[in-house]
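**Student:** Listed below are the residues making up each chain.
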Amino acid sequence: MYYTIKVTTPKRIAFVDITKKVEEIVNKSEIDSGICCLYVPHTTCGITINENYDPSVINDINNTLNRLVPSNNFYTHTEGNADAHIKTSLINSFAVIFFENKKLILGTWQGIFLCEFDGPRERKIYLKLIAA
Amino acid sequence: MYYTIKVTTPKRIAFVDITKKVEEIVNKSEIDSGICCLYVPHTTCGITINENYDPSVINDINNTLNRLVPSNNFYTHTEGNADAHIKTSLINSFAVIFFENKKLILGTWQGIFLCEFDGPRERKIYLKLIAA
Amino acid sequence: MYYTIKVTTPKRIAFVDITKKVEEIVNKSEIDSGICCLYVPHTTCGITINENYDPSVINDINNTLNRLVPSNNFYTHTEGNADAHIKTSLINSFAVIFFENKKLILGTWQGIFLCEFDGPRERKIYLKLIAA
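Chains as they are written, first to last, in our numbering: chain A, 5 to 136; chain B, 5 to 136; chain C, 5 to 136.
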């Protein structure tokens, strides 16, 4: 069994904070402690963990990805979203975080972000909990 | 216990689709559902999940990695494969994917790739399944 | 339950080999075989697996990250460590490795590194073991 988190992304490139949605599932689960595995079943969006207090951090991550992987037309993939595929492999499609007593064990400043690189779209994140 | 997938990579830089090899192990396992952990025990090749339908996607990922991390001679590591080590840390050495009823839960366009950055070589990917 | 590894990082940017600290915990655990999940609860340092034999490899990874994500002042985050946040998302905040018979299953040249991007600081790595 796995859970599905649904996210509507607002524009082509956007990081959406899904921490509360993950936390809700962990809070209600019958498993007290363990690992929470997150998986993104898309090839043009990823997942990352970073600061969710000051939004300028996410802004800088995005600007840097845009600088390193511009959305130009020199790619061989002709659907216009090659940059989104490349960023996905740089950022990652999955994450593993810990929970104890039905609460996520994140650092003070950490949040979990779905990284949309080719939106706006309806996106899904799969979630499995394993006792440990 | 862990499984070992063996891959012969064809040239210095090549992404090899290992999805079917992973799927075969998952199909035959006694575990119905859970997470499939993949681990690459090499320091000059990695693993990523991305589109395996149009090969131009992988081509663009590779070209971008080559642009960002060229195989020049300005590195301090003198074995001529510093670029391969660097790309490995950018791409990652492990992956965690889900399976249900002995089938991988991948997105429509997703495949699993061994990313060879210093081939051609004989490479191994370790695999463990955990019920969940 | 989870373990905590503590690391004092020596300067602003430094990769610290934590392989032995991870190995010690795995050696003493009651679980014989499984996966070892590592999690970094910070947003300006990450974790990676790469060669720990010739230190020039880590030197080249660091130089390349500094070239791709310079510590300039053109970022919107005004705390002077935007580069550290960006590198953390490129490198990753967690790792999953295997162990068998209370020993880590690493490749010959592989070590596990805490990647400090905004030190010197006291850092923590959380660790959970799951039988498999």
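Treat the hints with caution; some may be incorrect.
It does not matter which identical chain is used: a pair holds within one copy or between any two.
[Claimed, not checked] Dumping the calculated DSBU-like pairs for lysine-lysine here, alpha-carbon to alpha-carbon at most 35 Å:
#1 32 x 15
#2 10 x 107
#3 128 x 32
FYI, nobody ran anything at the bench for these hints, they're computed from the structure.
Owing to the predicted nature of the structure, the values given are computational and were not obtained by experimental measurement.
**Student:** Decide, hint by hint, whether the structure agrees.
**Tutor:** Verification of the supplied hints:
In this assembly of identical chains, the alpha carbons of residue 32 and residue 15 lie at most 35 Å apart only when taken from the same copy (31 Å versus 42 Å across copies). Proximity of residue 10 and residue 107 under a CA criterion of 35 Å is satisfied in both settings, with 21 Å inside one chain copy and 22 Å between copies. In this assembly of identical chains, residue 128 and residue 32 lie within 35 Å of each other by CA distance both inside one copy and across copies; the values are 20 Å within and 28 Å between.
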